[in-house]
Structure formats: structure tokens, C-alpha cells
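Asker: Each chain, letter by letter, is given below.
There are 2 protein chains.
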Amino acid sequence: MINKEEIKSWFMSLQDEICASLEALDGEGIFREDLWQRHGGGGGRSRAISGRKIEKGGVNFSAVEGTLPDKIKAKLELENADFFATGVSIVLHPHNPHVPIIHMNVRYFEADGGKYWFGGGIDLTPHYIVEEEAQFFHQSLKDVCDASDKSYYPKFKKWADDYFYIKHRNETRGIGGIFFDRLNSSTSEGKQAYWEFVQRVGEAFIPIYSHFIEINGDKEYTQQQKEWQFHRRSRYVEFNLVWDAGTKFGLETGGRTESILMSMPPLAKWEYNKIVDSKSEEGQTLHQLKKGIDWV
Amino acid sequence: MINKEEIKSWFMSLQDEICASLEALDGEGIFREDLWQRHGGGGGRSRAISGRKIEKGGVNFSAVEGTLPDKIKAKLELENADFFATGVSIVLHPHNPHVPIIHMNVRYFEADGGKYWFGGGIDLTPHYIVEEEAQFFHQSLKDVCDASDKSYYPKFKKWADDYFYIKHRNETRGIGGIFFDRLNSSTSEGKQAYWEFVQRVGEAFIPIYSHFIEINGDKEYTQQQKEWQFHRRSRYVEFNLVWDAGTKFGLETGGRTESILMSMPPLAKWEYNKIVDSKSEEGQTLHQLKKGIDWV
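Residue numbers (this note's numbering), protein chains in the order written: chain R, 1077 to 1372; chain V, 1077 to 1372.
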């Protein structure tokens, strides 16, 4: 049966491969690495890039272990407080407003006594929603899911719609994607199947993001479109700081702040009560920031 | 005994006076007003400005009433769910990085059965901390407090230090100020005294802020100093969205989002793991973002 050390090394290799591919895609930026250690045990490799196409990006690996605080132990319904958690997290903010913000995460959690689960997902936040692009994105994720289990895509797509939701704006963060958590099985085959699924998700990241950089990375844009990007980024900040369970958990339990907040955008702008013409491209995008759209 | 209607009209006049003074100070910007009504009862007057000296500012008045959700009723330890709440809230983000961000709030809450309390405060977030300016600010607040009760300043100054604290950065939001909540008394004289204190706080706002605009509103600054302002504003965002109880409460209970988030800055920038020379002016400011500094 696959064990935590094997999962950890696969995640480390995934981080390496993704960073190498992103440097090639960007053509200029080089990842800067920070190694960090966690007080209670374990640590991570945070890698940040600021290049020609990626304005600000982070590709982080971590593998931490130790004892969970009582409050979290209770929340996770665990009997034992000893845990191990490893994962890769990515957020990329592009220069070009026609390239979407992308987020990917794959993770594995294990507690003493054999309890474990996998979690993760990929979701997209286009500054401008273009139907074919949204369709490509969701079809790619559906293919990844279907290769494992036909029931995954509809379930994990809905999960993403519900998770990446900015309640106080009554809008989704972007066009969603897939989100899953607490995937666990009582059999060795079941665990292996989940692990293969998580690997497929991790491997899907580069082909998907390359597509967006390739089609729009060099597209012309106006200052007004850049302003719109700053505006949409403010909503990204609001989601991450107000609603994202992972960010809140990290900040409240004393995780490495700079790694947790690598998801924050380079420049974001808040304008009071911004009026958007509903017939404009921007207005059309706002109109599609809702749950339950069947993009495939 | 002072009643809620008198408090409400005084707060409305305070908003009017402050807006008129700020327009005069700015010399160009004019407040734009949005009237809004709350579903459950009451409403507000949100006023926003974007001018020559104030890059983005909000001066909001509200008076809401109705029935509290059970969860909040329990949290506030109230027997009856009928409530009335009124207040004035201000946040100003200046163009000039040498002018501080300022925040002021005065509020009154009343529940059926005679339970009530006052709350509020003023706090300052300079992009660059200058000792004489910090001293002026705290001395002004101490004078306001001392006119009511000599015990207030030390108590409310410490409360602000503890409240305006960004735990995940291990730094205060700025140089603090005063913060108080749940001020209530069993006697009519006691209520009157608290009310006079709250009025003094409200009236202190313009003289204090005028000083900063007058001494630094036209001071020259570099692009690098503007960049530093964007950076410091990112911390302001983090405090408000992650730790500010008022913002969280508002967003979670379905308050008017645009009024609650009028505190957000016009432009903010996140840079991964920003390195600041501890000997620079910026580094000196960071060094003073801590609790317990006796500015007076």
C-alpha cells in the first residue's frame, strides 16, 4: 500500500516538474526558493516567481507533522492528535488580464491509527470569461475525473461551485473547477485508486495552464482591461481572506504566513460601489460568476 | 436620560459636519451619497469621496433595528432579540504616503429591557511612523479621554493595541489609538457621562486629521514611497478581512457589503517575502509596529 513517504516524494517531484515547466512557459522568470522548518515538525519548500508572463506566482510544497491542537483535533473528529500532512499548492497571477488566475492543490493527510484522506482540486478565475476557454477547462477536468471514476466530475464540480463562493458578494470566485476533500477508503485498492486520481489532477495542471498562456499570454490589452484585472483581484483577496477554509486554518494555527499568502495578488484595487455596464465584456463576466453553470 | 433618537440625530449631524470639513480639507473631492435600507429594519447613509488629497474615503452613518439572529443574541448574552444600533464609521486612505490612514468609529447599541452600550475609537496607520506625529496623535486622544476620566486613556490605548493587531504578521496595524466597547452604566448620570465621552471622540476626529493633512498633504514623495504605501495597505486589508471583528460580523450577517468594505484601500500590493532594510525609513516603521509603545 502506498505510504506517506512515497506520496511526499511524488509531491516533491511534482513541484520540481511544474516549476521547470512554468519557467519554460514564462521564458524569463526564475523561481526563488525558500526552505522553511515548522516548529512542531516538518517544513516546506516555497517557490515564488515573478516573470514576463507570470506577474506573481507561487508553487509550494510542504510536509509537516506533529501534534494537532485540541480544537483542530475535535474539528477533524480525530482520536489521536499525531498527524502528518503533505501537499503542493499553486496560485499564479498573470500579467495579461486575458490569462486567468489559476489555483491547484493536491494534499494528503494522515493521523495515527490508520486514518487518512486525500484532498485537492483545480479552479480557474478568468478576469474575462470566454465560453470556449471555460469549456476547455472543464472538459479537461472532466477527462481527468472520468479516467478515474465517472461519478467524480459532477460531484467535484459542484463541490468547487459551493466552495469557491464569495457569500458577501453573492458571486463565485471564478468559473470553479473541481474540489474534493476527505477521500478515504477502507481497502488498499481504494486508497491506491484515490492516489492515482490525485496524481492525475497534479499532472493535469501544466497542460491546462500552458493552453491559456499559449493562446492569450501575448494578447494585447488596454489599461482599462488592466484596471479590471485589479478590480477582479480584489475579489480574489476577499475570498481568500474571508472565506477560504485553508487560508483561515493556516493563519489561525500559525502556519508560515508568506507561504499561505503567496496566493495574494501583486496589485489589487478596491473602488467604492463600482458600476459595471451589464452589456460590456466586464458585465458579461460578472453575469457568469454564479453556481451551477454546465460548461461542458 | 439621553435616548436613541437623540443619539441617532447627533450621529447624523456628526456625519454632516465631518463630510463638510473633509470636502473643505480636500479642496476638490465631493462626497457621493448612497441611501440604503436594511431588510430587517432601518438603514443608512453611505458617503464616499475620491479627491485631491483623499484617494479613497468613506464616512458612513447607519441606524438599524430589528431582531437579532439567535447565534448573535447568544454571543451578546442578550435575553431579548430586539435591538437598535446606530453609529458613524470612517476610513480615509490619502494619496500622499506621508499622510496616515485614519479610522474612527462611534456607536451605540440598545436591546429591549434597557440594556445598552457605547463603543468606538480612533486609530492611526501611518505608512511612515514619525515620532512627533505619533506623539501628537496620542496626546490628542489622551486629552479627549482625560476630559471625561483620567482612567480612560491608559485603558483604551491598551485596548486598541490589543485589538488592532495582525496576529499572523506579529505586528500592529499601525500606532493604535483608543478603542472601547460595551460602555454601560446602571445610572442615568453614568449613561450621560459615557455619551459625552463618545461625543468628544466624534468631535476630535476633524482637528486630528486636519493636522496631518495640513503638515503633510502636499509633501513631496517618490514612486518608491508610493510603492511602500501599496505594501502597507496590503496589511490593512489583511487586518480588516482576517481579524477585524466588526468586518467579519458585518459580512457574515449580511450587512451592506459596499459600506462595510469602504475601508478597503484604492490600490494594494502583495510582494512575496518582501525584504526591508531595517536601517531604512521603512524598516524603522516596521520596527515600531508593536504593542505597548508609550507615545505620550
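Rather than coming from a laboratory, the hints here were simulated on the basis of the structure. Since the structure is predicted, the reported quantities are computational estimates derived from the model, not experimental observations. A few of these clues could be false.
For identical chains, the list gives no copy identity; a pair is met inside one copy or between any two copies.
Keeping only pairs whose Cα atoms sit at most 20 Å apart, straight-line, the calculated EDC-like set for lysine to aspartate or glutamate is [claimed, not checked]: (1) 1350 with 1110; (2) 1350 with 1109; (3) 1366 with 1320; (4) 1191 with 1294; (5) 1267 with 1296; (6) 1350 with 1131; (7) 1218 with 1272; (8) 1366 with 1207.
Asker: All the hints need checking, so say for each whether the structure fits it.
Answerer: How the hints compare with the structure:
Taking the closest pair of Cα atoms, residue 1350 and residue 1110 come within 20 Å of each other only across two copies (13 Å); inside a single copy the shortest separation is 38 Å, beyond that limit. In this homomeric assembly, residue 1350 and residue 1109 come within 20 Å of each other (Cα to Cα) only across copies, at 14 Å, whereas the closest approach inside a single copy is 38 Å. Within a single copy, residue 1366 and residue 1320 get their C-alpha atoms as close as 17 Å, which meets the 20 Å cut-off; across copies the closest is 28 Å, which misses it. For a Cα distance limit of 20 Å, the shortest separation of residue 1191 from residue 1294 qualifies neither inside one copy, at 47 Å, nor across copies, at 62 Å.
In this homomeric assembly, residue 1267 and residue 1296 never come within 20 Å of each other (Cα to Cα): the closest approach is 46 Å inside a single copy and 63 Å across copies. Taking identical chains as interchangeable, the C-alpha atoms of residue 1350 and residue 1131 lie at most 20 Å apart only when they sit on different chains, with a minimum of 15 Å there against 25 Å within one chain. In this assembly of identical chains, residue 1218 and residue 1272 lie within 20 Å of each other by CA distance solely inside one copy; the values are 15 Å within and 64 Å between copies. Taking identical chains as interchangeable, the C-alpha atoms of residue 1366 and residue 1207 lie at most 20 Å apart only when both belong to the same chain, with a minimum of 14 Å there against 49 Å between chains.
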